[in-house]
Amino acid sequence: MEQVFTITFITGLLAAMMRMATPIIFGTLGEILSERAGVLNLGIEGIMLMGAMTGFLTTLTTGSLWLGVAAAALVGALLALFMAFLAVYLGLSQHVSGLGITLFSTGLAMFIYRLSVGSPVNPPTVRPFTQAAVPFLSEIPVIGPAFFTQYTLVYWAFLLIPALWVLLYRTTWGLAIRTVGENPLAADTVGINVNLVRTLCLAGGGALMGIGGAFLTLAHQNMFLIDVVGGRGWISIAMVIFGNWDPARGAAGALIFGFLDALQLRLQGLGFDIPFHLFLLIPYLMTVVALVSVSRRAAAPAGLLKPYRREEKG
Amino acid sequence: MRKSVLALLMVFVLLLAGTASAEVKDYKDFKLAAVFQTAIEEPWDGAIHQACILLQKELGFTYEFTEKVGAADFERVLREYAERGFDLIVGDAFLAGEEPSRRVAKDYPEVAFAFGSEFTFQEPNYSVFDNWIHEPSYLCGIIAGRMTKTNTLGIVAALPIAEVNRLVHAFKEGALSVNPKVKVKVAYIGSWFDPPKAKEATLAQIEAGADLIFAERFGVFEAAKEKGVLAFGNMMDQHDLAPEVVITGPVWNMGPTVRYCIDEVRSRKWKAGDLREWSMMARGGAYLAPFHEFQQKLPPEVLKEVRELEAKIMNGQFTVPIIETELKTD
Chain G
1 MEQVFTITFI TGLLAAMMRM ATPIIFGTLG EILSERAGVL NLGIEGIMLM
51 GAMTGFLTTL TTGSLWLGVA AAALVGALLA LFMAFLAVYL GLSQHVSGLG
101 ITLFSTGLAM FIYRLSVGSP VNPPTVRPFT QAAVPFLSEI PVIGPAFFTQ
151 YTLVYWAFLL IPALWVLLYR TTWGLAIRTV GENPLAADTV GINVNLVRTL
201 CLAGGGALMG IGGAFLTLAH QNMFLIDVVG GRGWISIAMV IFGNWDPARG
251 AAGALIFGFL DALQLRLQGL GFDIPFHLFL LIPYLMTVVA LVSVSRRAAA
301 PAGLLKPYRR EEKG
Chain H
1001 MRKSVLALLM VFVLLLAGTA SAEVKDYKDF KLAAVFQTAI EEPWDGAIHQ
1051 ACILLQKELG FTYEFTEKVG AADFERVLRE YAERGFDLIV GDAFLAGEEP
1101 SRRVAKDYPE VAFAFGSEFT FQEPNYSVFD NWIHEPSYLC GIIAGRMTKT
1151 NTLGIVAALP IAEVNRLVHA FKEGALSVNP KVKVKVAYIG SWFDPPKAKE
1201 ATLAQIEAGA DLIFAERFGV FEAAKEKGVL AFGNMMDQHD LAPEVVITGP
1251 VWNMGPTVRY CIDEVRSRKW KAGDLREWSM MARGGAYLAP FHEFQQKLPP
1301 EVLKEVRELE AKIMNGQFTV PIIETELKTD
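Protein chains in written order, with our numbering: chain G, 1 to 314; chain H, 1001 to 1330.
Mixed in with the good hints, there may be bad ones.
[Stated by the list, open to error] With the C-beta cut set under 7 Å, the calculated list includes, among others, these residues of chain H facing chain G:
| no. | residue |
| --- | --- |
| 1 | Ala1204 |
| 2 | Met1236 |
| 3 | Leu1241 |
| 4 | Glu1244 |
| 5 | Glu1293 |
[Claimed, not checked] Incomplete in silico selection of chain G near chain H, CB under 7 Å:
| no. | residue |
| --- | --- |
| 6 | Ser116 |
| 7 | Ser119 |
| 8 | Val121 |
| 9 | Gln221 |
| 10 | Asn222 |
| 11 | Gly269 |
| 12 | Phe276 |
[What the hints assert, rightly or not] Computed beta-carbon distance windows for the label pairs:
| no. | chain 1 | residue 1 | chain 2 | residue 2 | range |
| --- | --- | --- | --- | --- | --- |
| 13 | G | Ala133 | H | Val1302 | 36 to 42 Å |
| 14 | G | Val190 | H | Lys1227 | 38 to 44 Å |
| 15 | G | Thr130 | H | Glu1293 | 19 to 25 Å |
| 16 | G | Val142 | H | Val1302 | 21 to 27 Å |
| 17 | H | His1292 | G | Val117 | 21 to 27 Å |
| 18 | G | Ile112 | H | Lys1312 | 45 to 51 Å |
Note that these hints are calculated values from the structure, not bench results.
Beta carbons: idealized from backbone N, C-alpha and C, even for Gly.
All chains, full assembly: derive it from the sequences and hints.
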């Protein structure tokens, strides 16, 4: 156990927590934005995969990492607009539309990837983002290397948390978004275009999901593989509920998940004589436990899952 | 009289030989099908597919494949190939494919089946193979055991199933054979494709002192690059992924297995059996990936030691132990 309380161990654990939480934070914030406006976007898993693929291919062909991130955001927004067409304008079931988008995106990602690179023996790679140290802050012992020597997208994710919070709770736009999510009829009465607000929130959320996916293939790794998102989109959905649709609490959930995942990988290296499945289980088990404990007082936006049509009463 | 008997005999022999050779199916009339559970980007199924493609180019037979065949479709896809008169069907039957593939094989005794499987073959027409690449894995272990300065090796693998266990145990045994002080750290990422997680597992091992990593899965090399340690690839020559990091690695070459199967079926000698020897080093089914830059970078005495043991494995003087239990961190 003496290995656990070394500076290297703690610094490494915290730094890993930040990296592993980042794609989930992007996903969670994107999903909160959509759901606060009243649309559950179950397309998240597929949108993140398309973001991961598009970002990767764009960087592979242009050599520019930031162009890759921009392309991922764009494709995420476009897929979310498709979701808006189905769930907002046609008023179809949000569950079915979202799952449809995930299935469609999963197939499409693989299809485009293979059209572009074929099936080489080794997957192609890009030169990924490197970690950037924040001046001064990165020199603080332990937390400096853990929190302030990270990929730029990690800093973005953490800056987005207060940004989304301010947008939702401190601006008139945020008030409009929340009203549309809680009571679309009331929003319509005061002249807010419900469907437009929902569409914009979906698009913005989709862009964040796309960037979350691109983080996996452009920063955390340097290659695209079929299953690279690996359920991080679904975990984000759980974190939205865990955080009670609040950006800070949702992101805290993502950080706890990242922490536990980083911890279990380290526990596997300490030689406890217990099945490895139990280690892998830890973050997921904690998610279930947390969801059970908070779901009793979870307050979903009242207008969630309900398409808005003027003639019908909310 | 004797002369005419002799002549008659010769005619007979010639006739026999003639009919026998006529029975060997021409490559251009031969039809090979492959059924994969994953996309062919997955290295295991990819190894089978690559071998089929290469042999098709060389020999000119018909080759068709279906990928991402889930449990629900496995039987239907197999039956279609069997009904369409394919001579040989190969593929990956692990887990979901075991039962349907064996059921279809029973219904089509005239078709030859060769599947990657964790169980044994099934009479009369269903053979099994697997990636028996523990031998080159053992050789990697020797290099690791000789090169480590911390006496701590890392292993990042998907899941502790038999085919993975064989490799990682052989790696550890190889290291121990030259350096009894070696300890291994093992991390399972619980997925076939999660390079970010594999990277984090590697970073954790390096922070805990590991200075050489066996990368059973994709994702390890980025961490090794960042931390300046070396690593071993797996399944194919992964040098191009990270030339400065990848020393070598066990490679699976399905070519000998597929070629053997095709020729057995063509000459109507097909019998159900375990094809594992065709995936091992002596038959060319497994080998150590080229060292590339590390031909110069590795100490010559280590290279010599590896090549000598490689020769002994090839001629049967040395047998690498096969251990299929779950490997745990020391």
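How the hints compare with the structure:
For Ala1204 (chain H), the interface hint holds, the least distance from its beta-carbon to any beta-carbon of chain G being 5 Å, beneath 7 Å. Using the Cβ-Cβ criterion of 7 Å, the hint placing Met1236 (chain H) at the interface with chain G is satisfied: the shortest such distance is roughly 5 Å. Taking 7 Å as the C-beta contact cut-off toward chain G, the hint placing Leu1241 (chain H) at the interface holds, the least distance being around 5 Å. With its C-beta approaching chain G no nearer than about 13 Å, Glu1244 (chain H) sits outside the 7 Å limit, and its interface hint is violated.
With its C-beta approaching chain G no nearer than about 16 Å, Glu1293 (chain H) sits outside the 7 Å limit, and its interface hint is violated. The interface hint given for Ser116 (chain G) is broken, as the beta carbon of that residue sits about 13 Å from the closest beta carbon of chain H, more than 7 Å. Nearest Cβ of chain H to the Cβ of Ser119 (chain G): about 5 Å, under the 7 Å cut. The hint holds. Checking Val121 (chain G) against chain H: minimum C-beta separation of about 5 Å stays under 7 Å; hint holds.
At its closest, the beta carbon of Gln221 (chain G) sits 4 Å from a beta carbon of chain H; the interface hint therefore holds under the 7 Å criterion. Hint status for Asn222 (chain G) relative to chain H: holds, with the closest Cβ pair at about 6 Å, below 7 Å. Hint on Gly269 (chain G) holds. Least Cβ distance to chain H is approximately 4 Å, under the 7 Å limit. Taken as an interface hint, Phe276 (chain G) checks out: its beta carbon lies about 5 Å from the nearest beta carbon of chain H, inside 7 Å.
Here the CB-CB span from Ala133 (chain G) to Val1302 (chain H) is close to 37 Å, well matched to the stated 36 to 42 Å. Judged by the Cβ atoms, the range 38 to 44 Å given for Val190 (chain G) and Lys1227 (chain H) is violated: they are separated by roughly 57 Å. A hinted range of 19 to 25 Å for the beta carbons of Thr130 (chain G) and Glu1293 (chain H) is consistent with their spacing of about 23 Å. Our hint of 21 to 27 Å for Val142 (chain G) and Val1302 (chain H) is violated, since their Cβ atoms are close to 38 Å apart.
In this structure, His1292 (chain H) and Val117 (chain G) meet the distance hint of 21 to 27 Å, their C-beta atoms being roughly 22 Å apart. For Ile112 (chain G) and Lys1312 (chain H), the hinted distance range of 45 to 51 Å is satisfied, since their beta carbons lie about 48 Å from each other.
This entry does not satisfy hints 4, 5, 6, 14 and 16, going by the numbered hints stated previously.
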